[in-house]
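Per our numbering, numbering of the sequence shown is gapless, rising by one per residue and ending at 821.
Calculated directly from the structure, the hints in this document are not laboratory data.
Quick reminder that beta carbons are idealized off the backbone N, C-alpha and C, glycines included.
Treat the hints loosely; a few may be bogus.
As the list claims (entries may be wrong) - What follows is a set of in silico ranges between Cβ atoms, one per label pair, in the way DEER data are often shown:
no., residue 1, residue 2, range
1, Thr775, Lys797, 33 to 41 Å
2, Ala773, Gly794, 26 to 34 Å
3, Thr775, Gly734, 26 to 34 Å
4, Arg789, Arg751, 19 to 27 Å
5, Ala732, Gly776, 14 to 22 Å
What the hints assert, rightly or not - In silico DSSO-like pairs for lysine-lysine, Cα to Cα no more than 27 Å straight-line:
no., residue 1, residue 2
6, Lys761, Lys797
7, Lys797, Lys758
8, Lys724, Lys758
9, Lys761, Lys724
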Amino acid sequence: AKVAQQALDAAGITPEDLDVFIPHQANMRIIDSMVKTLKLPEHVQVARDIATTGNTSAASIPLAMERMLATGQAKSGDTALLIGFGAGLVFAATVVTLP
Numbered sequence: 723a724k725v726a727q728q729a730l731d732a733a734g735i736t737p738e739d740l741d742v743f744i745p746h747q748a749n750m751r752i753i754d755s756m757v758k759t760l761k762l763p764e765h766v767q768v769a770r771d772i773a774t775t776g777n778t779s780a781a782s783i784p785l786a787m788e789r790m791l792a793t794g795q796a797k798s799g800d801t802a803l804l805i806g807f808g809a810g811l812v813f814a815a816t817v818v819t820l821p
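Make the full structure from the sequences, and use the hints.
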C-alpha cells in the first residue's frame with residue numbers, strides 16, 4: 723500500500739477523490755486486502771475481474787479498465803488508481819484520468 727499512497731500523494735489527492743481502483747488481478751485475497759489497507763470509500767468502484775477471467779498476467783489492468791468502461795462501472799473522466807505488481811515483490815502505481 724506504500725506505493726499506492728505515494729501515487730496518491732504525487733497526484734495531490736486522497737482515496738476519497740478516487741472513482742475507480744484497478745489493481746493487477748492476481749487473486750481476490752490481495753485485492754480485498756489492498757482495498758481494506760487503503761481504506762477506500764464505498765463509492766470507489768473496484769475491479770474484481772479475477773473472479774471471472776482469472777489472472778490474465780500483464781494484461782489484467784487494461785482488460786479490467788476496458789470492461790469497467792464498457793459496462794458503465796467506470797466512465798470517461800473518472801479518476802483511477804492503477805496498481806501493478808509482480809514477482810519479487812515489485813510494485814508500481816499511478817493515478818490516471820480514464821479515457
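Here is what the structure says about each hint:
{"no.": "1", "hint": "Thr775 to Lys797: 33 to 41 Å", "verdict": "violated, 21 Å"}
{"no.": "2", "hint": "Ala773 to Gly794: 26 to 34 Å", "verdict": "violated, 18 Å"}
{"no.": "3", "hint": "Thr775 to Gly734: 26 to 34 Å", "verdict": "holds, 33 Å"}
{"no.": "4", "hint": "Arg789 to Arg751: 19 to 27 Å", "verdict": "holds, 21 Å"}
{"no.": "5", "hint": "Ala732 to Gly776: 14 to 22 Å", "verdict": "violated, 31 Å"}
{"no.": "6", "hint": "Lys761 to Lys797", "verdict": "holds, 22 Å"}
{"no.": "7", "hint": "Lys797 to Lys758", "verdict": "holds, 24 Å"}
{"no.": "8", "hint": "Lys724 to Lys758", "verdict": "holds, 13 Å"}
{"no.": "9", "hint": "Lys761 to Lys724", "verdict": "holds, 13 Å"}
Of the numbered hints given earlier, the model fails hints 1, 2 and 5; all others are met.
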